[in-house]
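Residue 255 in the working numbering sits at position 251 of the sequence shown; the count goes up by one each step and never skips.
Take the hints with a grain of salt, since some may be wrong.
Straight-line alpha carbon distances no greater than 27 Å define the calculated DSSO-like cross-link-like pairs of lysine-lysine that follow [to be verified]: (1) 226 / 56; (2) 28 / 55; (3) 194 / 252; (4) 388 / 612; (5) 56 / 18; (6) 226 / 388; (7) 600 / 612.
If you are wondering where the hints come from, they were derived from the structure by calculation, not from laboratory data.
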Amino acid sequence: MTLSDNLRIALDGKWRHVREQSRKELAEMDLAYDHDLTLDEARARVLEQMKKLVPTGIPAAGFRVSSGGTGDPGMAVTGIEMLAQFDLSLMVKAGVQWGLFGGAIENLGTERHHQAYIPGLINLDILGCFAMTETGHGSDVQSLETTATYDPATQEFVIHSPTPSSRKDYIGGAAAHAQYAAVFAQLITKGEGYGVHCFIVQLRDDEGNDLPGITTSDDKHKGGLGAVDNGRIEFDHVRIPRENLLNKYGQVDEGGTYSSPIESSNARFFTMLGTLIRGRISVGGSASAATEVALSIAGRYALKRRQFGPDAEHEVLLMDYRMHQRRLLPLIAKSYAMRFAQNQLVARMDRIQSSEDPPPPHQQRELEGRAAGLKAAQTWHATKAIQEAREACGGAGYLAENRLTTLKGDTDVFTTFEGDNHVLFQLVAKELLTSYAQEVGGLDPVGLVRFAAGTVADVVKERTAASQLIQRLIDARPGSSDDDHDLLDRGTQLNLFEDREQHVLETAARRLRRAGKDPVEAFEVFNAAQDHVIRAGRVHIERIVLEAFTAGIARCEDPDAQELLRDVCSLYALTAIEEDLAWFMGHNRLSDTRAKTVTHLVNELLEKLRPHTLTLIEGFGVPESTLNAAMLVD
Numbered sequence: 005m006t007l008s009d010n011l012r013i014a015l016d017g018k019w020r021h022v023r024e025q026s027r028k029e030l031a032e033m034d035l036a037y038d039h040d041l042t043l044d045e046a047r048a049r050v051l052e053q054m055k056k057l058v059p060t061g062i063p064a065a066g067f068r069v070s071s072g073g074t075g076d077p078g079m080a081v082t083g084i085e086m087l088a089q090f091d092l093s094l095m096v097k098a099g100v101q102w103g104l105f106g107g108a109i110e111n112l113g114t115e116r117h118h119q120a121y122i123p124g125l126i127n128l129d130i131l132g133c134f135a136m137t138e139t140g141h142g143s144d145v146q147s148l149e150t151t152a153t154y155d156p157a158t159q160e161f162v163i164h165s166p167t168p169s170s171r172k173d174y175i176g177g178a179a180a181h182a183q184y185a186a187v188f189a190q191l192i193t194k195g196e197g198y199g200v201h202c203f204i205v206q207l208r209d210d211e212g213n214d215l216p217g218i219t220t221s222d223d224k225h226k227g228g229l230g231a232v233d234n235g236r237i238e239f240d241h242v243r244i245p246r247e248n249l250l251n252k253y254g255q256v257d258e259g260g261t262y263s264s265p266i267e268s269s270n271a272r273f274f275t276m277l278g279t280l281i282r283g284r285i286s287v288g289g290s291a292s293a294a295t296e297v298a299l300s301i302a303g304r305y306a307l308k309r310r311q312f313g314p315d316a317e318h319e320v321l322l323m324d325y326r327m328h329q330r331r332l333l334p335l336i337a338k339s340y341a342m343r344f345a346q347n348q349l350v351a352r353m354d355r356i357q358s359s360e361d362p363p364p365p366h367q368q369r370e371l372e373g374r375a376a377g378l379k380a381a382q383t384w385h386a387t388k389a390i391q392e393a394r395e396a397c398g399g400a401g402y403l404a405e406n407r408l409t410t411l412k413g414d415t416d417v418f419t420t421f422e423g424d425n426h427v428l429f430q431l432v433a434k435e436l437l438t439s440y441a442q443e444v445g446g447l448d449p450v451g452l453v454r455f456a457a458g459t460v461a462d463v464v465k466e467r468t469a470a471s472q473l474i475q476r477l478i479d480a481r482p483g484s485s486d487d488d489h490d491l492l493d494r495g496t497q498l499n500l501f502e503d504r505e506q507h508v509l510e511t512a513a514r515r516l517r518r519a520g521k522d523p524v525e526a527f528e529v530f531n532a533a534q535d536h537v538i539r540a541g542r543v544h545i546e547r548i549v550l551e552a553f554t555a556g557i558a559r560c561e562d563p564d565a566q567e568l569l570r571d572v573c574s575l576y577a578l579t580a581i582e583e584d585l586a587w588f589m590g591h592n593r594l595s596d597t598r599a600k601t602v603t604h605l606v607n608e609l610l611e612k613l614r615p616h617t618l619t620l621i622e623g624f625g626v627p628e629s630t631l632n633a634a635m636l637v638d
């Protein structure tokens, strides 16, 4: 096998067989987005493409055997991620149907719902959508305004949109195809509210017409994802059977009495949302997959396009310019880091969701925090890297036939899809600062301040599965060596990342502890420290990613690939340090001289990795034949 083959094997991880199957089967389908199609034509085409996915087994993998699936969550997430290499509209459409709509029924419903809906939604006899977001509320799901009021006289729930801002909005599938919706609404019975729950509501009849009381409309053109039929839904006192409440975590009996296995409304709400984590993991992984496509296109272009040079007869390859190396190679290194972190996250998710027993609360909360932070890091990386790839290809990169503008438009919404990234980093920090205190719900700033005195020092030590390896590398670091090249030592890099996280968390906790018991004062303290809280989330995820990369290198079985990965990992680590030099210097972690050394070592690594550019691109495993960029065709 070639060096790039061994890199691909290392990057593919546990579900390598799914990736290989997808590369072969998806390449044989005509999945490239066609810009000449109208909205209706593009939407109809992507629905037909979804039908071709059913025989691959990927849709069924996301559901338990008892529900009619094959019970392989890791395969389901990896399969959806692979769609992003071909068409992000197809990835989103599939994710809504099998991940969000199907996931809500699987995880929030009980056996009667599983039997009634899951076999049909797997094979697309039932088309659904996920109606959570409203015009007035997105990330703040607990404040949704749609109501579901129980009527004991008829044993029905009445679903209603009481205000213009309670309209369900941006809902994939709502504009045209969805027959049913998983609707999130405030459950009210006997005059008392019990928080947000999920209900199955039929939207359309067999001819595609809105049912009485339901008004759907079309979001029409968006910045990207042209084949996804995003739309709006309004409910005017729509009655549904009592049995349409997905009642795993909350039940209403015939007389209207509410009961739940989880007494705390906060804990109940976040337990419900926690079961739907697969969507957030898929969004992050798909953003990374699209980034790998963009970097594969820009990297290959830089290896064939010549410009300027010492004279007119000796033009130089773009990739031989140091500035071009600076632009692309660190982004390639970060994409490698993100893939290793994604593999580790999917493995954790699969282990938890495949278990017959519910996970310990701290494991579920840790998974949720990691998924939130990685999604933010991956999608912001995608936004930056795809834009850089576009610019690195000049005017050619701006042509739709070379895919980069499509990739940029399609991934742009991912930074707010499944949660705004700034909010998600706050969620990460909250989990760390409160030591997973179950009393704190969601992003409640007052609760966060009150529990900020948790055991921060213990939480920051929560490491990857390779904790012994990480600790051994840190313990073996050169320490206060005068040799500037100790910055290439993995233990030194890991220690710098961990020390930064520890300091940021501790100082954030101290700032939050200044508040008294008054809720207004507590909110003001939180608001003033919000930038610090978000930084805490970001540096935690950067440390997690570096550890995942380190663990991935240790699992690589080929010595040559392992050696190359070490240099790629160092480029990722030192680039991250270089981007945050102000913090490392301002907090006396790096002297002026050693700060300059960081930049020097980055340039040395760029020169060392330049001959391996094509090998690193091929390591992503994006077949050249599927790039569909006209400028790469000779």
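Evaluated hints:
| no. | hint | in the structure |
| --- | --- | --- |
| 1 | 226 / 56 | holds (26 Å) |
| 2 | 28 / 55 | holds (17 Å) |
| 3 | 194 / 252 | holds (20 Å) |
| 4 | 388 / 612 | holds (24 Å) |
| 5 | 56 / 18 | holds (25 Å) |
| 6 | 226 / 388 | holds (20 Å) |
| 7 | 600 / 612 | holds (19 Å) |
Against the hints set out earlier in the document, no violation occurs for any number.
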